[in-house]
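Peer 1: Could you put the whole structure together from the sequences, leaning on the hints where they help?
The C-terminal position of the sequence shown is numbered 437 in the working numbering, with every residue numbered one higher than the one before it.
Worth flagging that the hints you see were computed from the coordinates, not collected in a lab.
Glycine included, C-beta positions come from ideal geometry on N, C-alpha and C.
Don't take each hint at face value.
Claimed, not checked - Pairs of lysine-lysine, BS3-like flavour, derived with a Cα cap of 30 Å:
no., residue 1, residue 2
1, K389, K410
2, K387, K306
3, K237, K410
4, K414, K389
5, K410, K328
6, K306, K410
7, K389, K328
Unchecked claim - Computed spacing ranges between beta-carbons, pair by pair:
no., residue 1, residue 2, range
8, W419, E348, 17 to 23 Å
9, A271, R314, 41 to 47 Å
10, P318, R234, 32 to 38 Å
11, A271, V311, 37 to 43 Å
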Amino acid sequence: MTDFDAGTEFDRQIKTLLDLGYPALAQTTEAAFLDLVEPLREPVLARAASLRPPTEGRIPFLLVVTRALVPLEEAVPLTTLAGKSRPGVIERFYAPGELERFVSLKELELPEGEVYVAFDIDRGEEFCDVVPLDALAALEERGRTPLTIEEGLAFITQYPGALAKNKCFSLGGTRLGDRRVPALWISKGAPKLGWCWEGNPHTWLGLASAGGRSS
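Peer 2: In structure tokens:
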């Protein structure tokens, strides 16, 4: 197994957020932003021995910045595809103001705070061409939970290569209470945040999930 240093990866993810200007988007200073994020090092290092090196579709942990700190509309354009520069976009079939009404499922029991860490992230390509409702049921049986929009954006922010042709993914942890499931896919050489129906399978769309979360 390739050596993996959790502390070095933690620092890399922080640097990515700083380089993208997250403190300014959060309307705070870099020092204050670091004060929010740095305490997450402890739960990451506590699991360091069990964390596996990242692969294209599965990574050990993610620093997740919630919309309470940086609005979704500002986080999406900071994403790109691997080796590309076109900024991510929001699908126009989200009505004006509607995206904010898609909220995280209560049963996920997300950690409190504006920033937290999610563990064992999988883009769920095994669920390509599987009805999202069936994929969600399979995750529940495994004790895993679907990613939220914020977690999906964190995923491709830190690992742009995770979003690949025919290996895009739904984010079933954020819903509006109807049949729509948010998803990230590729359009015109850039990430796009859209949604698909919970009962419709797509050959190119899996369902991303997490093994756990901590604040």
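Peer 1: Determine which of the earlier numbered hints do not hold for this structure and return their numbers in increasing order.
Peer 2: 5
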